[in-house]
Amino acid sequence: MKETILQVNGLSTSFKTDRGWLKAIDGVTFQVYRGEILGIVGESGCGKSVTSQSIMRLYEEKRVARYTGEIILNGKSLLSIPYRQMQHIRGSEISMIFQDALSSLNPVLKISDQLMEPLRIHQRLKRAEAWQQALKMLQLVGIPAPEKRMEQYPHELSGGMRQRVMIAIALACRPKLLIADEPTTALDVTIQAQIMDLIVDLNRQMEMGVILITHDLAVVAQTCQRVAVMYLGQIVEEGGVPDLFDRPLHPYTQGLLSSIPRLEGDRRERLHVISGTVPLLHQMPQGCRFAPRCPYATGPCRSAMPELTAMENGQRVRCWRAVEKEASHA
Amino acid sequence: MKKYILKRIFTLLPTVFVVSVVVFLLVHLTPGDPAAMMLGDDATMEDIAALHTKLGLDDPLYIQYFRWIGRCLQGDFGTSTAVIGQKVSDMVFSHFRPTLTLAVYSQLITILLAIPTGILAARKRGRIADFIASIFSLLGISLPSFMMGLGLVLLAAVHFRWLPAAGYKDLFADGLLPFLRYMTLPALSLGFIHAAYMMRMTKASMLEVLGSDYIKMARSKGVKERSIVGKHAFRNALLTIITVVGQGFISALAGAAVVEKLFTIPGIGTLMVDSIEKRDYQVIQAITLLIAMLNVVINLVIDLIYGLCDPRIRLD
Amino acid sequence: MQGHSSSPSMSRDALRQVRRELIREQRMVNIRRFLHNGLSVVGLVIVLLMLLTALFAPLITGALGVDPYTSLGREMRLQPPSAAHPFGTDNVNRDVFARVLYGARISMTVGFLVGLLSALIGATVGLYATVNPILDNILMRICDGLKAIPNILLAITLMAVLGANMQNVIISLTIVSIPGVARIARSQALLVREQTYVEAMRAAGASRFRILWRHVMPNILSPIIVQMTFTFATAIISEASLSFLGAGIPIPAPSWGGMLKEARSYIYNGWWLVVFPAIFTALSVLGFNLFGDGLRDLIDPLSGR
Numbered sequence: 001m002k003e004t005i006l007q008v009n010g011l012s013t014s015f016k017t018d019r020g021w022l023k024a025i026d027g028v029t030f031q032v033y034r035g036e037i038l039g040i041v042g043e044s045g046c047g048k049s050v051t052s053q054s055i056m057r058l059y060e061e062k063r064v065a066r067y068t069g070e071i072i073l074n075g076k077s078l079l080s081i082p083y084r085q086m087q088h089i090r091g092s093e094i095s096m097i098f099q100d101a102l103s104s105l106n107p108v109l110k111i112s113d114q115l116m117e118p119l120r121i122h123q124r125l126k127r128a129e130a131w132q133q134a135l136k137m138l139q140l141v142g143i144p145a146p147e148k149r150m151e152q153y154p155h156e157l158s159g160g161m162r163q164r165v166m167i168a169i170a171l172a173c174r175p176k177l178l179i180a181d182e183p184t185t186a187l188d189v190t191i192q193a194q195i196m197d198l199i200v201d202l203n204r205q206m207e208m209g210v211i212l213i214t215h216d217l218a219v220v221a222q223t224c225q226r227v228a229v230m231y232l233g234q235i236v237e238e239g240g241v242p243d244l245f246d247r248p249l250h251p252y253t254q255g256l257l258s259s260i261p262r263l264e265g266d267r268r269e270r271l272h273v274i275s276g277t278v279p280l281l282h283q284m285p286q287g288c289r290f291a292p293r294c295p296y297a298t299g300p301c302r303s304a305m306p307e308l309t310a311m312e313n314g315q316r317v318r319c320w321r322a323v324e325k326e327a328s329h330a
Numbered sequence: 001m002k003k004y005i006l007k008r009i010f011t012l013l014p015t016v017f018v019v020s021v022v023v024f025l026l027v028h029l030t031p032g033d034p035a036a037m038m039l040g041d042d043a044t045m046e047d048i049a050a051l052h053t054k055l056g057l058d059d060p061l062y063i064q065y066f067r068w069i070g071r072c073l074q075g076d077f078g079t080s081t082a083v084i085g086q087k088v089s090d091m092v093f094s095h096f097r098p099t100l101t102l103a104v105y106s107q108l109i110t111i112l113l114a115i116p117t118g119i120l121a122a123r124k125r126g127r128i129a130d131f132i133a134s135i136f137s138l139l140g141i142s143l144p145s146f147m148m149g150l151g152l153v154l155l156a157a158v159h160f161r162w163l164p165a166a167g168y169k170d171l172f173a174d175g176l177l178p179f180l181r182y183m184t185l186p187a188l189s190l191g192f193i194h195a196a197y198m199m200r201m202t203k204a205s206m207l208e209v210l211g212s213d214y215i216k217m218a219r220s221k222g223v224k225e226r227s228i229v230g231k232h233a234f235r236n237a238l239l240t241i242i243t244v245v246g247q248g249f250i251s252a253l254a255g256a257a258v259v260e261k262l263f264t265i266p267g268i269g270t271l272m273v274d275s276i277e278k279r280d281y282q283v284i285q286a287i288t289l290l291i292a293m294l295n296v297v298i299n300l301v302i303d304l305i306y307g308l309c310d311p312r313i314r315l316d
Numbered sequence: 001m002q003g004h005s006s007s008p009s010m011s012r013d014a015l016r017q018v019r020r021e022l023i024r025e026q027r028m029v030n031i032r033r034f035l036h037n038g039l040s041v042v043g044l045v046i047v048l049l050m051l052l053t054a055l056f057a058p059l060i061t062g063a064l065g066v067d068p069y070t071s072l073g074r075e076m077r078l079q080p081p082s083a084a085h086p087f088g089t090d091n092v093n094r095d096v097f098a099r100v101l102y103g104a105r106i107s108m109t110v111g112f113l114v115g116l117l118s119a120l121i122g123a124t125v126g127l128y129a130t131v132n133p134i135l136d137n138i139l140m141r142i143c144d145g146l147k148a149i150p151n152i153l154l155a156i157t158l159m160a161v162l163g164a165n166m167q168n169v170i171i172s173l174t175i176v177s178i179p180g181v182a183r184i185a186r187s188q189a190l191l192v193r194e195q196t197y198v199e200a201m202r203a204a205g206a207s208r209f210r211i212l213w214r215h216v217m218p219n220i221l222s223p224i225i226v227q228m229t230f231t232f233a234t235a236i237i238s239e240a241s242l243s244f245l246g247a248g249i250p251i252p253a254p255s256w257g258g259m260l261k262e263a264r265s266y267i268y269n270g271w272w273l274v275v276f277p278a279i280f281t282a283l284s285v286l287g288f289n290l291f292g293d294g295l296r297d298l299i300d301p302l303s304g305r
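Chains G, U and S, in that order, give the protein sequences.
Residue 53 in my numbering sits at position 53 of the first sequence, with consecutive numbering throughout.
Residue 117 in my numbering sits at position 117 of the second sequence, with consecutive numbering throughout.
Residue 25 in my numbering sits at position 25 of the third sequence, with consecutive numbering throughout.
Incorrect hints may appear among the rest.
In silico DSSO-like pairs for lysine-lysine, Cα to Cα no more than 27 Å straight-line [as the list claims (entries may be wrong)]:
no.	chain 1	residue 1	chain 2	residue 2
1	U	Lys-231	G	Lys-62
2	U	Lys-224	G	Lys-176
3	U	Lys-3	G	Lys-148
4	U	Lys-124	U	Lys-231
Computed Cβ-Cβ distance ranges for the label pairs, DEER-style [said to hold, decoys possible]:
no.	chain 1	residue 1	chain 2	residue 2	range
5	S	Ile-225	U	Phe-131	24 to 32 Å
6	S	Ala-83	U	Val-21	53 to 61 Å
7	U	Ser-94	S	Val-41	51 to 59 Å
8	S	Pro-81	U	Gly-167	28 to 36 Å
9	S	Asn-269	U	Gln-86	31 to 39 Å
10	S	Asn-269	U	His-52	22 to 30 Å
11	G	Val-189	U	Val-21	56 to 64 Å
12	G	Arg-63	S	Asn-132	52 to 60 Å
These aren't lab readings, by the way, just hints derived from the structure by calculation.
Quick reminder that beta carbons are idealized off the backbone N, C-alpha and C, glycines included.
Sequences and hints are given; from them, build the entire structure.
Following this line, the structure appears as structure tokens:
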């Protein structure tokens, strides 16, 4: 049995707006096992980033954001501990890397300051020890001449180098879970591949769980063991990468997959585009959230919300049609 | 570093030149004949003409300018036309200490008042602290310093009789406590407008910084809230705040005229206003030039501090 | 250029019609937003009240049977506010209410003329600066130089040289305000010049000055008008400061700053001499600032937030 590192149960995050509290994500449930990479995919605004930042409790609580549900990290319920205690968990047990390393590194602090900070906070290392440890981390993420880099400022490094530094910062305290929020979107293609290789490599070496948030299904296919597809704040389908890519059950997933350009496919076939636009948060459809854009939607789809239902092979899907089909097969 | 400073100084030269020309022309175009004024009503035409030649007033304008600016550069601002034989430089420097101590004191109050409230307003956006801060800054932009001063005098001196309504005690000659007793009201009235502005700028830059990605990153590293505001955010916001502090110092020096007159403090502001009545243009010229140059120098210093604080600005 | 065929010009007219409609609609939205923004409305109300006060000061004081210059007699010296003299009387037995109302005339006149003149001259300077790089350099260096001398100091120096009277106050404050307007006009004009239709005009052979006045000028008008309201506010403060120092409008004219200068000596036995002119000054400055903020939001909704 695989060891579960993170269990998220029915997590909802609401934000305060002019029109009252609006749920940005609604009942998100998934788990991450030790040593695996879970991909979370979806269009922008689907709640991928909200999910990841909610796990870290990064939003200002009470006045800005409200969480319900359960987040269990290594048996510890993160939503029931006081907010102040999250400081001890962030950066030591869960870490996060962001899209744009240039804006995510503090422009006025040296690399060494930013890299030593988590070590000094969480492991209470003395300056000299932290320095040595930081150097090791820079070597680990493949930065040449680390002594020189330590004395530099973020703007003096190249884009790929900055992303490596950010990964080094995130992994400095050897967290059990790493959340990578679109870690390669801001980089050019060759560097993208290098950074993804580095993440996969470190994931194996350190045996940590990784949540990879991306809109790029190709990246998911290459790196992840499992994938969850999000649409409008809900997980609509989840399963092992080979299963889900071979046999996508949800029409939305099908649409996403057929919109990837394929080299081997018929070139004359036009790329599939999912029609319609994403509805706004405050005008959610009553039934299935995908119904307004779904080519197969019928009456029941528009009136009742389907639940995330497990299929025989362990794949889970939130779709009336898929559930019915499975039932008729059995 | 040296190259950077030289480059900055070089770009300032045109400004310095224009300032000096403006100040020179201003006083030169004054109606009335300085020679005739210096000699009084009994002077004959010959006397005046002789003095003209002696002072070089018949030379072309640009020669007079270069003669004047050459003397200024040596610290010689001429002699007073009102107090016979008195050197202008002596007059200005003997009045400089009250103005300078007052400006520094008012800036200290401003900084202590504005930066913490600005940070608080940014952190507690939309709450009472923010609301009070907004009212405070609204008042600040609408009240001229002397009106603020009159209000403070009415309240603290006339009504409650806490502090004296006017007068001057020197920080070095009379000691700290008398200085504080006499100079707190002037310093408050001088600093209030700028405190409002500084608070708004602090709030705005803190808000911008607190919303940035690197603050989110710092938080995700487990950095304590106090250290996020104090180390990660404030250092970045400081870049804006330094500029505002510099401007504040200049506006305190410039605004001194009004506040010094109100509280009868013998600084350069008072000297300048008194010189208007006495038509002592040399003094007015010297003070204007001096403060304008101080302004240029302070802006240069701010630029340099900026360069030191922000690693993104290349110093070489 | 013109009259090649009828259809393009027709569609151009139609386009113009649509554009006009859109602008009108946008304007309604803007006005609604302006009104929603409570503080701007407060500003507008204060501005209107001050302008009306200035306009009707003689009528109001005439109806009450007081005027700002006449002594009411020895026994009326330094009387606190009463029904007959709502703002009290001053050290030379004059009605303070009448003086404060007449003070509005001075402040509004100074503010308006300084705002208008500095806008006209500053906009002209800023516009012509964009025509020729050498001229631009010279004009902007002069502006830098003028700006290096703190405003109030430059104003005091100018007043010292020119002599204290109302006309010179207006001249001095206008000179002080020009560099700011010129900078705004210049940067706006540069932005407008980048736009395609100006390029097209140039390609079509329109003369530089025609382009400048007919096409660039109207487009920089809004920021200049916004700046005018702020200049208005600053001019009120500066005039009051100058008069307070005795370098502005000479007594016995009832300028607010001058009244405060007098009041300084009676601060222990005549609080009303300080309070009323001070409130009027602060209120008008506040009004013009708030109004200016509202106008700026209206013209450029993105600038303030």
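The hints, checked one at a time:
no., hint, verdict
1, U:Lys-231 / G:Lys-62, "holds, 25 Å"
2, U:Lys-224 / G:Lys-176, "holds, 21 Å"
3, U:Lys-3 / G:Lys-148, "holds, 25 Å"
4, U:Lys-124 / U:Lys-231, "holds, 18 Å"
5, S:Ile-225 / U:Phe-131: 24 to 32 Å, "holds, 30 Å"
6, S:Ala-83 / U:Val-21: 53 to 61 Å, "holds, 58 Å"
7, U:Ser-94 / S:Val-41: 51 to 59 Å, "holds, 52 Å"
8, S:Pro-81 / U:Gly-167: 28 to 36 Å, "holds, 30 Å"
9, S:Asn-269 / U:Gln-86: 31 to 39 Å, "holds, 38 Å"
10, S:Asn-269 / U:His-52: 22 to 30 Å, "violated, 52 Å"
11, G:Val-189 / U:Val-21: 56 to 64 Å, "holds, 59 Å"
12, G:Arg-63 / S:Asn-132: 52 to 60 Å, "holds, 55 Å"
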